[in-house]
Each structure stands twice: as C-alpha cells, then as structure tokens.
Amino acid sequence: MKRRELTEMQQRVLLFLLDNEGAAFRDISDKTESNPNAIKKAIDELMELGLVYDKREESFPRRRLVFLTDYGKEVARRLKEIVEIIEESAKHPQKPSVEV
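Each residue of the sequence shown is one higher than the one before, counting from 1 in full-length UniProt numbering.
Don't read these hints as lab results, they were simulated from the structure. Keep in mind that this is a model prediction, so the values were computed, not measured. Treat the hints with care, since some could be wrong.
As the list claims (entries may be wrong) - Derived lysine to any residue pairs resembling SDA-like cross-links, with alpha carbons at most 25 Å apart:
{"#": "1", "residue 1": "K80", "residue 2": "L15"}
{"#": "2", "residue 1": "K31", "residue 2": "K41"}
{"#": "3", "residue 1": "K31", "residue 2": "R63"}
{"#": "4", "residue 1": "K80", "residue 2": "E58"}
{"#": "5", "residue 1": "K55", "residue 2": "K91"}
{"#": "6", "residue 1": "K41", "residue 2": "D30"}
{"#": "7", "residue 1": "K91", "residue 2": "D30"}
{"#": "8", "residue 1": "K40", "residue 2": "D27"}
{"#": "9", "residue 1": "K91", "residue 2": "F16"}
{"#": "10", "residue 1": "K31", "residue 2": "D19"}
{"#": "11", "residue 1": "K31", "residue 2": "H92"}
{"#": "12", "residue 1": "K80", "residue 2": "L49"}
{"#": "13", "residue 1": "K40", "residue 2": "K73"}
As the list claims (entries may be wrong) - What follows is a list of derived Cβ distance ranges for each label pair:
{"#": "14", "residue 1": "S59", "residue 2": "V83", "range": "21 to 27 Å"}
{"#": "15", "residue 1": "L18", "residue 2": "E48", "range": "37 to 43 Å"}
{"#": "16", "residue 1": "Y53", "residue 2": "A90", "range": "17 to 23 Å"}
{"#": "17", "residue 1": "Y71", "residue 2": "R26", "range": "40 to 46 Å"}
{"#": "18", "residue 1": "E88", "residue 2": "R62", "range": "39 to 45 Å"}
{"#": "19", "residue 1": "P93", "residue 2": "S59", "range": "49 to 55 Å"}
{"#": "20", "residue 1": "F60", "residue 2": "A90", "range": "16 to 22 Å"}
For every residue, glycine included, the Cβ atom is placed at its ideal position computed from N, Cα and C.
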C-alpha cells in the first residue's frame with residue numbers, strides 16, 4: 001500500500017470542515033485565506049482518500065458543498081488534537097535533555 005501524508009493544505013481543509021460541515025469551495029478558500037485552485041486540488045485528493053465527499057445544492061445557486069466522511073471526521077479530530085498538543089507545548093517550552 002502506498003504511504004500517504006496529508007499536505008498542509010489538506011490539513012487546513014480537514015480542520016476547517018470539522019467546524020464548518022457542508023462548506024462551499026469559495027467559503028473554504030476565503031476563510032482559510034488559500035488559493036482556490038490549491039483548495040480544489042486538496043479537496044480532490046481528500047476525496048480520493050475517502051476523507052471528504054461533495055454534493056450539489058438542490059436550489060440556486062447550486063454550489064458544490066464539501067462534507068467530511070465518517071473516516072474524515074475521525075482523521076480531522078485526531079489532527080485537531082495534535083495541533084492542540086503542539087500549541088500547548090509552545091506555551092510551555094521544555095529545555096531539551098541531553099545525555100552525554
């Protein structure tokens with residue numbers, strides 16, 4: 001099986017969708033302050049990984065909305081936990097221990 005790592009853009013999309021389920025491409029791009037083409041590429045790749053899916057709105061303006069799959073929700077929650085751990089450790093830096 002081919003090893004896959006999430007790009008920074010893919011991570012941004014997952015974290016955004018965790019709190020904004022069913023967001024339109026433009027909203028994701030605007031709120032994450034990211035290039036729309038980069039967002040589209042990241043979403044397409046996340047779809048291939050089974051982390052997100054899209055659905056067209058039934059009524060006008062028929063935007064393409066993006067949702068997390070159950071698997072995507074689990075990955076996004078874990079990613080959020082990692083980000084929180086890193087942010088917390090940055091508030092309380094520890095001196096590195098060096099053994100000689």
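Against the structure, the hints come out as follows:
For the proposed pair K80 and L15, the alpha carbon gap of about 7 Å is at most 25 Å, so the pair holds. Between the alpha carbons of K31 and K41 the distance comes to roughly 17 Å, so the proposed pair stays at or under 25 Å and holds. Of the supplied pair hints, the one linking K31 and R63 holds, its CA atoms being roughly 16 Å apart against a limit of 25 Å. A threshold of 25 Å between alpha carbons decides the hint, and for K80 with E58 the separation of about 31 Å lies outside it, so the pair is violated.
With a C-alpha separation of about 40 Å, the suggested pairing of K55 with K91 is violated against the 25 Å cut-off. Between K41 and D30 the CA atoms are separated by roughly 15 Å; this keeps the pair inside 25 Å, and the hint holds. A threshold of 25 Å between alpha carbons decides the hint, and for K91 with D30 the separation of about 29 Å lies outside it, so the pair is violated. Using a Cα cut-off of 25 Å, the hinted pair K40 and D27 holds, with the two alpha carbons roughly 12 Å apart.
Of the pairs offered as hints, the one joining K91 and F16 holds, with about 23 Å between alpha carbons and a cut-off of 25 Å not exceeded. Proximity of K31 to D19 is assessed by CA-CA distance (about 12 Å); at most 25 Å being required, the pair is judged to hold. For the suggested pair K31 and H92, the alpha carbons sit about 29 Å apart, so the restraint of at most 25 Å is broken. For the given pair, K80 sits about 18 Å from L49 by alpha-carbon distance, which is consistent with the 25 Å threshold.
Distance check on the hinted pair: K40 and K73 sit about 19 Å apart at the alpha-carbon level, within 25 Å; holds. Range check, S59 to V83: Cβ separation about 36 Å, and the 21 to 27 Å hint is violated. About 19 Å separates the C-beta atoms of L18 and E48, a value inconsistent with the hinted range of 37 to 43 Å. Between Y53 and A90 the CB atoms are about 34 Å apart, so this pair departs from the stated range of 17 to 23 Å.
For Y71 and R26, the Cβ-Cβ distance of about 25 Å falls outside the hinted range of 40 to 46 Å, so the restraint is violated. A beta carbon spacing of about 42 Å between E88 and R62 agrees with the range 39 to 45 Å that was offered as a hint. The supplied range of 49 to 55 Å is met by P93 and S59, whose beta-carbon atoms lie about 51 Å from each other. In this structure the supplied range 16 to 22 Å is violated for F60 paired with A90, their Cβ-Cβ distance being about 45 Å.
In summary, the structure is inconsistent with hints 4, 5, 7, 11, 14, 15, 16, 17, 20 from the numbered list given earlier, while agreeing with the others.
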